[in-house]
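Q: In order, the protein sequences belong to chains H and R. Following our numbering, the residues of the first sequence are numbered contiguously, the last one being 1626. Following our numbering, the residues of the second sequence are numbered contiguously, the last one being 379.
Think of the hints as simulated: they come from the structure by calculation, not from any bench. Do not take every clue at face value.
In silico DSS-like cross-links for lysine-lysine, where the CA-CA straight-line distance does not exceed 27 Å [stated by the list, open to error]: (1) R:Lys185 - R:Lys224; (2) R:Lys193 - R:Lys168; (3) R:Lys185 - R:Lys163; (4) R:Lys84 - H:Lys1464; (5) R:Lys193 - R:Lys224; (6) H:Lys1372 - R:Lys346; (7) H:Lys1464 - H:Lys1372; (8) R:Lys185 - H:Lys1464; (9) R:Lys185 - H:Lys1372; (10) R:Lys346 - R:Lys332; (11) R:Lys316 - R:Lys346; (12) R:Lys168 - R:Lys185; (13) R:Lys332 - R:Lys316; (14) R:Lys168 - H:Lys1372.
If you're wondering where the values come from, they're calculated on a predicted model, not measured in any experiment.
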Amino acid sequence: MRKAFALARKDANAYFQSWAGAFAFAFFFLVAGILFSIVVMTYSKISLDVSKGYQETQGLGLTRFIWGSFFANIGAVLIFLAPILSMRAFAEERKQQTLELLFTYPLSDFDIVSGKFLGMVWFFEALFLPTLAYTALLHWLGVEPDWGPVLVGFLGFWLLGLAYLSLGLFVSSLTDNPVVSAIVTFGLLLVFWVLEWVVSIADGPSARLLALLSPLNHYQEFTVGILDLSNVVYFVCFQLYFIFLAMRSIEARNWKG
Amino acid sequence: MDADPAARLRIESPDREICVRAENISKNFGGIRVLENVSFEIAKGEILGFLGPNGAGKTTTVRILTGFFPPSSGRVWIAEQDLARNPGRAKQRIGYLPESIGLYEDMRVEEFLKFSGAMKGLKSAARKEQVAQKIERCGLGDVRKRLIGRLSKGYRQRLGLAQALLGDPELLVLDEPTNGLDPKQIIEIRTLIRELGRERTVFLSTHILPEVSMVCDRVIIMSRGRLVASGTAEELEAGLKKAREILVTAGEPWRRDEAIGLLRSLPGLEDVRVVKEEPDQVSFSMTVPADKPDPRAEISRLFVEKGIALLEIRSARLSLEEIFMRILSSDDSAAGEAS
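Produce the entire structure from the sequences given, and follow the hints as far as they go.
A: So this is what it looks like as structure tokens:
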């Protein structure tokens, strides 16, 4: 495991120093910042309206409104972010022909895959910092949210990110071109995103099954502060499944040319 | 070949320790067999040259030896460790410099070596010491802080060697280490390899023949996925039934065809051809099988008889290059007959 950590550290460093990493940072900071400002401004406008009696006060919880809508929207941003973060994992090593070296070092395939995954996850976690800062800022301004649901929201966001990254990791292990990896990952994530809509237009067992497979459906409950174990299990299985596929994919060198 | 080549693949003196043992390794890629029952042993401390034309299966063999992928059948032991059963421990004993080595372009030299050390399981203190030592050993002191992407080909190759040496592996596997270097760099790298060979076993895969005769103790020749010969350069030459090459230089190049006719009329001379033609002289080369008598006296007598000026006549030993070409062409013709 020490070797996997060393590999993860190398990868995370490479993200921080690469244009893709810088772009991901800038993109995420910008979008998260705009989203959060809009949500907060909308909330204050509505509160003003309420205080003047223009609007019903029902269902206007501060935590639910600000963090709920923030998490719900930032989840969609991950569809764009995850492909950029995961595209380098294996595809870049293939492109630079460094994978051969990695495979001949005394590392197990599990070391390699887990190291690669951890490297992306650490970088992704670094992106959390600004969102934590928003929370801290509101706290400093005297806004006291309901901390439980906020933490559940962060947990959901983290799990969703890890799930998307594991899918990207698998796709990256299939190609030697980072751009192809990013595009395919984005395409697959779009399909998963669209799954959520199936529920609204169809009914029946197959529609319900598709709804069960949709990550956003499971994520939704986190955004409103509901911590349901089955949702956590869903995301853990999602990740394990794609990490398993990535392992299989790099093992394929053993039997194909 | 006169004897079963496999017989000479075993190392004669049993008291020498074996570092690498490959037993009947074969490899198929999608139904195409690229390696067929390759077996060989490398003694500890030996520098083995692994020769073959491009496409003979050299890189495939190297990748099997280094554990990049397993053979379709057969087994490999590295220093008594079964590569399939104990990949971790076996790989720990290998330092590998891949052909056209891929390096992390955006890492710095020292940073990359530290990473390699960590991948090889070196703990922090040992890693620091090893990295400093290998930087010194491979002459990377001037570029230790430089980005790998900005290094010259020569430095990249040295860096590749340095990472292979980290952890002091018993076996060094080098795949075409001098490919694409300029002559000065080639000499430097070869000197380095020879020095390294004093302390450890080296497996050197190459298609550059002088490299092998300069650096290696023993040679294995591969052609179309099979081993076709093995031994020291002298043994390989002996294996070709001591064929001798005769070079004849005559004046009066306008009588070239007459001279060729004369030489061809002599019994026992094979492969008579013109090798060099100048305004005032012409040179012929021919081979004589070992069981035929030396024809030089006969040639000179014949030339004098016909009044052709004989400028030079000498018998040359076959260079490794020629041995190589002959072994390959005999292998090709054998394959032609078989099919």
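Q: Does each hint fit the structure? Answer for all of them.
A: How the hints compare with the structure:
A hinted pair counts as satisfied when its Cα atoms are at most 27 Å apart, and lysine 185 of chain R with lysine 224 of chain R qualifies at roughly 24 Å. For the hint linking lysine 193 of chain R to lysine 168 of chain R, the alpha-carbon distance of about 25 Å falls within 27 Å, and the restraint holds. Pair hint lysine 185 of chain R plus lysine 163 of chain R holds up; C-alpha atoms about 22 Å apart against a cutoff of 27 Å. Pair hint lysine 84 of chain R plus lysine 1464 of chain H does not hold up; C-alpha atoms about 36 Å apart against a cutoff of 27 Å.
With a C-alpha separation of about 12 Å, the suggested pairing of lysine 193 of chain R with lysine 224 of chain R holds against the 27 Å cut-off. The straight-line distance between the Cα atoms of lysine 1372 of chain H and lysine 346 of chain R is roughly 79 Å, outside the 27 Å bound, and the hint therefore fails. About 22 Å separates the Cα atoms of lysine 1464 of chain H and lysine 1372 of chain H, which keeps this hinted pair within 27 Å; it holds. For the hint linking lysine 185 of chain R to lysine 1464 of chain H, the alpha-carbon distance of about 24 Å falls within 27 Å, and the restraint holds.
Our distance criterion of 27 Å between C-alpha atoms is met by lysine 185 of chain R and lysine 1372 of chain H, whose separation comes to about 23 Å. Between lysine 346 of chain R and lysine 332 of chain R the CA atoms are separated by roughly 24 Å; this keeps the pair inside 27 Å, and the hint holds. Using a Cα cut-off of 27 Å, the hinted pair lysine 316 of chain R and lysine 346 of chain R holds, with the two alpha carbons roughly 21 Å apart. For the hint pairing lysine 168 of chain R with lysine 185 of chain R, the CA-to-CA distance comes to about 15 Å; that is within 27 Å, so the pair holds.
Pair hint lysine 332 of chain R plus lysine 316 of chain R holds up; C-alpha atoms about 26 Å apart against a cutoff of 27 Å. Pair hint lysine 168 of chain R plus lysine 1372 of chain H holds up; C-alpha atoms about 16 Å apart against a cutoff of 27 Å.
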